[in-house]
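Chains as they are written, first to last, in this note's numbering: chain E, 30 to 314; chain R, 30 to 314.
What the hints contain is simulated information worked out from the structure, not anything from laboratory work.
These numbers come from a predicted model, not from an experiment.
One or more of the hints may lead you astray.
Per the computed footprint, the stretches of chain R lying under chain E, defined by three or more beta-carbons under 8 Å from a beta-carbon of chain E, are [unchecked claim]: (1) 37 to 45; (2) 186 to 193; (3) 265 to 274.
One-sided and incomplete, this derived list gives chain E residues near chain R with beta-carbon spacing under 8 Å [as the list claims (entries may be wrong)]: (4) Leu61; (5) Cys73; (6) Glu97; (7) Asp129; (8) Gly158; (9) Thr182; (10) Gly197; (11) Leu200; (12) Cys312.
Not close to chain E: a few residues of chain R, all C-beta gaps over 12 Å, as computed [unchecked claim]: (13) Ile31; (14) Gly100; (15) Glu102; (16) Arg105; (17) Arg108; (18) Gly172; (19) Gly251; (20) Ala310.
Cβ coordinates follow ideal geometry from the N, Cα and C atoms, glycine included.
Number of protein chains: 2
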Amino acid sequence: MIIDRLWARVKERGPVCVGLDPSPDVYPPGFLEKFGSPAEAARCFCREIAAATGDLAACFKVQIAHFEALGVEGLRAYRDLLRELRAEGHLVIGDVKRGDIASTAAHYAQAHFGGEFRADFLTLNAYFGADALAPFLPYLEGGEHGIFVLVRTSNPSAADLQDLLVEGRPLYEHVAERVAAWGERFRGASGYSLLGAVVGAHRPALARLRPRFPSMFFLVPGYGAQGGTAQDVAPAFREGNGAVVVAARAILAAHRGKPAALARFPYYARAAVQAMAEDLASCRP
Amino acid sequence: MIIDRLWARVKERGPVCVGLDPSPDVYPPGFLEKFGSPAEAARCFCREIAAATGDLAACFKVQIAHFEALGVEGLRAYRDLLRELRAEGHLVIGDVKRGDIASTAAHYAQAHFGGEFRADFLTLNAYFGADALAPFLPYLEGGEHGIFVLVRTSNPSAADLQDLLVEGRPLYEHVAERVAAWGERFRGASGYSLLGAVVGAHRPALARLRPRFPSMFFLVPGYGAQGGTAQDVAPAFREGNGAVVVAARAILAAHRGKPAALARFPYYARAAVQAMAEDLASCRP
């Protein structure tokens, strides 16, 4: 199962997930101008980052919004990038955060698991409840796809709704309970389910959820540029595995203020992944 | 402000919102085969429906998932369809239900308000809280765009999370409270805010929310094929306005079992909109 492949990658390489969020504000000076279109620049930037970091990363997370903002050509670049990364053997999370009623969700499942935008894993929003996830589950049956459902996010306003108390416990814990129940039948040899959770670098949430949901794999954004530290993400792990930690800007823009950024930005990205892996190693028991 | 234009359309034409969810299962026999690609068929089907119903509809809601499933060419068709409908003076809701942290949401806002996929209104998911909506609000300042935030949806599992009790009241009511607060500064001459809510054809939710949030415009899915009746949606209205009611399948597939469906499906769609408008008229005080 693909969750076992992710588990093996974490075991072998550590838990860094490189976030591919391309945009002009992370490109080195002069990069954008080398390309005929912003979409082509976005795809090529991600390809260069992936080439420089792929052997150190557990997986890549590609943020579709950055491509959607570039219109039809942007989505062509997203499609091609996913195809290329997967063809090279990388595990790819399509960060789409879709969520809708079942008849609509079936079309999203077709788009992102069955069709042109095929990813190994997807992020999904569960505000609609169980039936909104149902159309994605047939794709999990073969073991080739996995899902991370939004549980507790890493942004400052996350508490607005996610931390509201329901029967004395935060809403996000109720979401996690449902995800765990839906995912029970999709457990791999590693003990983890194909149905995981997005839980930000928020120490209290991670500490609360990890012991209660031992078979839930966590996708942890919010480290680095968003403020999370190794200390914050430490509770995400169980025996050093069971989670990948995302950094995007800290890796993509690691060239900032450094010499020869245009030529050497992949090198700086690689150094940033190495530094992050070392930082995280200090907190994985 | 665009919410006042929507209010005026409802006053003039009634509250029918035609849902454009194209897919082979709503096309008349022989339709798909007339086109070179599924994407082109989807766009042309929607154009024909719009031409036949546009003078009776308050607005159109276009479901992006149906186009996303068709890949890059599908999204090209979505883009072109929105451009064409808006150029003809129709009010168009891009049913995208996006939601993400602020830095990512800024890219979605660019895509769907500022860029190629520009719509008049968008549907958004607020699970991330206030900062996830913030990047969309500058587009509301000029009065040319509006938003419907998911509050209480119409699917069977909606209750899984949305009806959980927080301080004795359902979660969706807390979401509505936040939407109302965020939208207070965007009120138009009609008294309604540019920040509205998606509330399904669920009579208890509508009856609960309408009196408490008099300036909130409702987008009401779930009528017709999803099971909602005029009785169910009746509490959505305030003096006969303040809501649009969506039907998709009941209009798009109205040709089913009728003679000469391939030639006459736009006529059957028009008749279905007329019947729906009459049905709803009976419940708008």
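Non-conforming hints, listed in increasing numerical order: Result: hints 1, 3, 4, 5, 10, 12, 14, 15, 16, 17, 19 break, sorted rising.
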